[in-house]
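There are 2 protein chains.
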Amino acid sequence: MVSPVMPSAGVLSPLGLEAVRLSPGFWGDRVALNREVIITHCQEWMERVGWIGNFRGVTPRRGREFSDSEIYKLLEAMAWSDHPALDELAATVARAQEEDGYLNTRWSGRRYTDFEWGHELYCYGHLIQAGVARLRAHGEDTLTEVVRRAADHVCARFMDTEETCGHPVVEAALVELYRVTGTERYLEMARRFVERRGRPALGEIQFHPAYFQDDLPVRRARVFRGHAVRALYLACGAVDVAVETGDTELLQAVRAQWERTVARRVHLTGGMGSHHSDEAFGEDFELPADRAYSETCAGIASIMLSHRLLLATGDARYADLAERTMYNVLATAVALDGRSFFYANPLQVRVPAEPCEGVNHGAEGGLRSPWFDVSCCPNNIARTLASLPAYLAAADGDALRIHHYTPGEIRHDGLALRIETDYPWSGTVTAHVVEGRAGRISLRVPPWAEGATLTYGGVAHPAEPGYATAEADWRPGDRIRLDLPVRPRWTFPDRRVDAVRGCAAVERGPLVYCAESAADEPPLARVTAEPLAPVERHVDGAVELDVPAALTPPEDDAWPYRSDPRATTGREIPLRLIPYHRWGNRGPVSMRVWLPLA
Amino acid sequence: MVSPVMPSAGVLSPLGLEAVRLSPGFWGDRVALNREVIITHCQEWMERVGWIGNFRGVTPRRGREFSDSEIYKLLEAMAWSDHPALDELAATVARAQEEDGYLNTRWSGRRYTDFEWGHELYCYGHLIQAGVARLRAHGEDTLTEVVRRAADHVCARFMDTEETCGHPVVEAALVELYRVTGTERYLEMARRFVERRGRPALGEIQFHPAYFQDDLPVRRARVFRGHAVRALYLACGAVDVAVETGDTELLQAVRAQWERTVARRVHLTGGMGSHHSDEAFGEDFELPADRAYSETCAGIASIMLSHRLLLATGDARYADLAERTMYNVLATAVALDGRSFFYANPLQVRVPAEPCEGVNHGAEGGLRSPWFDVSCCPNNIARTLASLPAYLAAADGDALRIHHYTPGEIRHDGLALRIETDYPWSGTVTAHVVEGRAGRISLRVPPWAEGATLTYGGVAHPAEPGYATAEADWRPGDRIRLDLPVRPRWTFPDRRVDAVRGCAAVERGPLVYCAESAADEPPLARVTAEPLAPVERHVDGAVELDVPAALTPPEDDAWPYRSDPRATTGREIPLRLIPYHRWGNRGPVSMRVWLPLA
Chain W
1 MVSPVMPSAG VLSPLGLEAV RLSPGFWGDR VALNREVIIT HCQEWMERVG WIGNFRGVTP
61 RRGREFSDSE IYKLLEAMAW SDHPALDELA ATVARAQEED GYLNTRWSGR RYTDFEWGHE
121 LYCYGHLIQA GVARLRAHGE DTLTEVVRRA ADHVCARFMD TEETCGHPVV EAALVELYRV
181 TGTERYLEMA RRFVERRGRP ALGEIQFHPA YFQDDLPVRR ARVFRGHAVR ALYLACGAVD
241 VAVETGDTEL LQAVRAQWER TVARRVHLTG GMGSHHSDEA FGEDFELPAD RAYSETCAGI
301 ASIMLSHRLL LATGDARYAD LAERTMYNVL ATAVALDGRS FFYANPLQVR VPAEPCEGVN
361 HGAEGGLRSP WFDVSCCPNN IARTLASLPA YLAAADGDAL RIHHYTPGEI RHDGLALRIE
421 TDYPWSGTVT AHVVEGRAGR ISLRVPPWAE GATLTYGGVA HPAEPGYATA EADWRPGDRI
481 RLDLPVRPRW TFPDRRVDAV RGCAAVERGP LVYCAESAAD EPPLARVTAE PLAPVERHVD
541 GAVELDVPAA LTPPEDDAWP YRSDPRATTG REIPLRLIPY HRWGNRGPVS MRVWLPLA
Chain A
1 MVSPVMPSAG VLSPLGLEAV RLSPGFWGDR VALNREVIIT HCQEWMERVG WIGNFRGVTP
61 RRGREFSDSE IYKLLEAMAW SDHPALDELA ATVARAQEED GYLNTRWSGR RYTDFEWGHE
121 LYCYGHLIQA GVARLRAHGE DTLTEVVRRA ADHVCARFMD TEETCGHPVV EAALVELYRV
181 TGTERYLEMA RRFVERRGRP ALGEIQFHPA YFQDDLPVRR ARVFRGHAVR ALYLACGAVD
241 VAVETGDTEL LQAVRAQWER TVARRVHLTG GMGSHHSDEA FGEDFELPAD RAYSETCAGI
301 ASIMLSHRLL LATGDARYAD LAERTMYNVL ATAVALDGRS FFYANPLQVR VPAEPCEGVN
361 HGAEGGLRSP WFDVSCCPNN IARTLASLPA YLAAADGDAL RIHHYTPGEI RHDGLALRIE
421 TDYPWSGTVT AHVVEGRAGR ISLRVPPWAE GATLTYGGVA HPAEPGYATA EADWRPGDRI
481 RLDLPVRPRW TFPDRRVDAV RGCAAVERGP LVYCAESAAD EPPLARVTAE PLAPVERHVD
541 GAVELDVPAA LTPPEDDAWP YRSDPRATTG REIPLRLIPY HRWGNRGPVS MRVWLPLA
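Sequence order for the protein chains is W and A.
Sequential numbering of the first sequence, starting at 1, is according to full-length UniProt numbering.
Sequential numbering of the second sequence, starting at 1, is according to full-length UniProt numbering.
None of these hints come from the bench; they were simulated from the model.
Treat the hints with caution; some may be incorrect.
[Unchecked claim] Here chain W is said to cover these stretches of chain A; the calculated rule only asks that three of the stretch's residues, wherever they fall, bring their Cβ under 8 Å from a Cβ of chain W:
hint, stretch
1, 55 to 68
2, 199 to 207
3, 261 to 269
4, 346 to 353
5, 474 to 485
6, 491 to 504
[What the hints assert, rightly or not] Label-pair ranges, simulated between beta-carbon atoms:
hint, chain 1, residue 1, chain 2, residue 2, range
7, A, 542, W, 355, 26 to 36 Å
8, A, 37, W, 205, 27 to 37 Å
9, W, 373, A, 163, 19 to 29 Å
10, W, 554, A, 163, 39 to 49 Å
11, A, 59, W, 518, 37 to 47 Å
12, A, 37, W, 58, 52 to 62 Å
13, W, 156, A, 62, 35 to 45 Å
Glycine included, every Cβ here is placed at the ideal spot set by N, Cα and C.
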């Protein structure tokens with residue numbers, strides 16, 4: 001089966017890429033864009049900036065200490081789709097591997113001298129994930145030979161030490177390599193990496209040890225903390241280890257951390273991370289809209305984690321968060337043309353950004369950029385979109401569960417469904433039975449879908465949030481129709497979210513909406529909204545929303561603090577909201593998700 | 001005259017340390033604490049962490065690339081107060097100077113290979129400021145010889161290049177060295193450093209060139225931007241150059257930048273800087289309470305700039321901002337015992353911090369720390385408090401202007417006043433004439449002091465914000481009394497300050513107040529306040545305030561966004577506010593300046 005996560009235990013079993021084929025639609029379009037544009041874009045940029053050249057021994061070496069991992073993420077993306085460029089790129093990588101399996105263009109000759117920042121095991125992690133993809137989608141070849149040698153080197157070097165890497169990811173990768181090869185030492189190595197973290201295993205850095213989750217053993221932590229991508233990759237590895245070793249305490253610990261994080265440390269978009277300085281989760285309820293870091297890679301890592309927890313438990317809440325993150329982080333992070341990307345995904349931009357046509361030295365989220373000095377996000381998008389179909393549905397024995405809705409075909413054990421839907425623009429999802437047998441088919445009902453119905457056999461059944469199940473002896477021509485009410489709705493923050501007090505946002509179905517103002521005209525800082533029913537407008541195949549708003553008069557005080565509050569009345573203006581994932585596709589704009597209320 | 005800034009032109013002339021002597025009181029106590037505790041604390045720590053050892057050639061070298069500057073700031077502090085430890089420390093520094101005047105323990109042998117981050121000219125700047133202090137307070141000696149040789153080296157090396165330093169400060173230092181020595185090439189060198197910046201003069205870094213103000217020539221910028229300390233030190237140098245060269249365009253440019261910055265980019269405390277990642281000003285109205293960086297050094301740099309602009313123009317607004325910053329940043333940054341310091345000065349702390357007894361690797365502002373990896377702030381506090389009396393009053397010809405009120409004696413040109421006051425706790429300031437002559441005496445009336453009166457000759461005169469002037473033929477025994485109403489007042493933010501929408505703060509006189517909650521009990525996230533008249537409580541020589549407040553019930557939702565806003569009613573609780581500068585002196589606490597309104 002061709003799937004990035006294949007646990008040997010758990011409530012649900014994954015379906016692979018061979019079982020879920022997408023046709024044109026919200027996600028099908030993006031998966032095609034990835035295959036046709038994004039993967040090549042990434043490869044061309046990594047040639048241009050010299051990161052691929054590093055494997056050819058070009059000097060001086062270019063890129064940051066972790067740039068090898070970017071080539072590996074691209075190899076993973078290529079592996080899922082059996083991309084024709086894979087072989088040559090894999091051969092380039094193979095030539096840089098040393099006799100004993102060591103492979104790193106930055107640290108060769110100075111191996112393992114900086115566990116805090118060296119990223120060597122992190123790079124192996126992404127290399128191994130590429131090899132897992134290749135093994136599952138294709139079989140043994142040059143790349144997988146490189147990967148096995150690297151993994152064996154890691155086990156030989158680290159099995160009996162107390163060391164680990166400043167950046168997790170090797171843990172999840174090793175478990176998956178165990179799953180695909182059956183080699184138990186990979187699982188044991190992953191288990192030890194998870195267990196030794198937080199004893200502590202790493203040295204002092206300029207940040208708190210929570211930055212790389214070395215403040216506490218994984219099973220003793222209560223919430224995700226520190227660098228968001230590190231925290232979420234580590235949690236993925238911990239779940240994988242817990243599932244394979246039957247360690248229910250560890251699984252419960254990660255579930256509890258997820259619960260607390262989701263209750264207090266997640267942006268409305270599903271984005272995670274509030275600090276620019278250390279790319280970290282902030283404190284509980286520290287969720288600034290303007291400085292929301294919400295790194296694209298953290299969104300992807302969160303989707304990876306939710307998927308693992310969903311498979312382990314069958315709990316729809318994990319799919320709910322994954323959906324929110326897919327539509328509002330993953331889909332946002334890539335331009336509609338697939339040639340530029342967000343690193344950070346803020347929920348507010350005050351000042352329209354200058355376009356960046358080349359390498360963005362920062363991570364600021366004012367406009368998408370073609371490439372970054374730290375360009376983890378584009379390749380991460382590429383590998384995620386390449387494997388995305390495997391995230392959309394799963395099996396519960398012979399029963400089928402569909403988590404996410406986009407046009408395509410889903411096959412499972414003699415059952416074949418053709419999914420037709422305009423979701424998320426409409427809430428109607430129709431599953432046409434193409435090949436039938438008796439069994440259960442469940443469709444996820446998101447928590448906002450009050451009044452949803454599931455219609456089959458000519459009867460409409462009320463469908464509560466969670467999974468709605470239809471059971472029958474399915475025959476070709478049968479239809480199951482899910483109707484999710486995707487009316488626009490106003491959403492208010494918990495009062496502890498200081499950053500957006502006095503504001504509300506609009507959501508519609510799984511989509512978060514935002515106001516976008518070209519050249520900041522009207523100035524969004526002077527706009528107030530009234531939380532009355534928005535009016536839907538169908539524009540370019542998307543749904544936009546008009547909300548009642550006012551433009552308050554300009555103020556030009558010499559000091560921004562006053563002895564009396566200003567009135568917030570102004571003249572009525574039309575305010576158009578667009579789906580957040582589409583913002584910034586038309587040049588420099590100001591933007592806000594959270595709208596101050598009058 | 002012994003004063004850090006001695007312009008040869010401008011509306012006001014400084015008074016020196018010999019003319020302003022403080023007795024016990026708000027600032028006199030802190031100046032004494034500096035002399036008795038802080039200076040020694042800094043010296044001991046810099047021995048302990050090895051930064052002084054670097055000058056002795058101890059290897060490996062310790063500290064960051066700019067650590068030499070810390071010794072120079074301490075030398076400046078010692079110079080103002082003729083500290084007995086100065087000579088030995090100066091001799092240690094002198095031994096590290098090279099034949100041609102070059103002096104840097106980090107870059108010797110690799111001189112001037114990194115203008116963006118090397119900080120070599122920055123270090124000279126602080127060295128020169130120490131030398132200026134020594135020349136004015138004492139006269140020529142080892143230190144001043146080192147300084148002249150270093151300054152001459154700088155002029156020889158940089159007069160005819162286009163280079164400058166990533167971190168400004170040498171500009172203001174060279175102007176002052178010109179002022180004290182009369183050597184015109186120092187002024188010319190300073191002028192060139194100011195002019196060549198932003199052409200651009202520096203290379204690419206990971207931040208926008210605005211980070212080190214190299215995006216625009218100084219005279220073309222419209223607002224302070226980028227790294228706050230860099231921006232403000234550069235502005236000081238630009239004002240100094242403008243004043244000495246009669247460049248009114250340049251002076252007007254800095255004034256306009258100040259105006260716009262003060263209207264849009266300053267925290268209520270006077271603190272400047274909103275980003276942790278680049279220690280920078282944010283966009284207009286980007287003023288987060290929790291992530292307010294408000295670096296202590298930026299506060300000091302702002303006081304230095306306001307002082308220069310005040311001397312140049314006589315405009316009381318500069319003294320108003322300086323006062324706000326002195327009471328709410330400078331006084332906050334140092335513990336009541338003088339042994340720990342804030343680097344960042346946030347306006348909100350959600351989670352009580354763990355105490356740090358040693359070197360703080362970060363800059364987080366949850367509790368004061370004895371020392372930091374980047375320990376610019378303690379030495380900056382030391383040199384500022386050592387010269388603080390020179391900031392408190394000035395001369396306008398034979399007239400005297402008093403900007404800031406604290407007990408002490410002020411002499412000017414045959415006039416001597418003894419100041420008695422309990423300010424800022426009370427608003428009554430009495431100036432007793434000790435030595436008299438005919439002339440004008442002006443006292444500053446802050447903008448919040450509505451209804452102030454100036455009483456002299458037995459008559460009370462209404463005193464408008466700005467300066468209130470008393471003119472008479474003063475005789476010993478005469479008294480001038482200023483009565484400033486220091487009633488507590490609620491303050492509301494401009495609605496564009498997103499971070500504190502729906503909140504208000506309490507001020508009283510020049511002091512900002514805050515709620516401080518030991519172990520976060522009551523939890524400040526659940527407290528709402530009503531903006532009704534606070535009740536004053538006299539505690540430990542300070543005034544605390546009780547405000548009407550409510551504690552809302554705990555919420556434990558699984559997701560922090562809801563379809564309806566929560567009610568904000570709760571049970572009434574007493575809420576004590578303390579002066580912001582006193583927070584965090586009693587162990588770990590949560591804290592907030594901006595209180596959510598019910």
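* Identify every previously stated hint that the structure contradicts and give their numbers, smallest first. => Hints 1, 5, 7 and 11 are the ones this structure does not satisfy, whereas the remaining hints hold.
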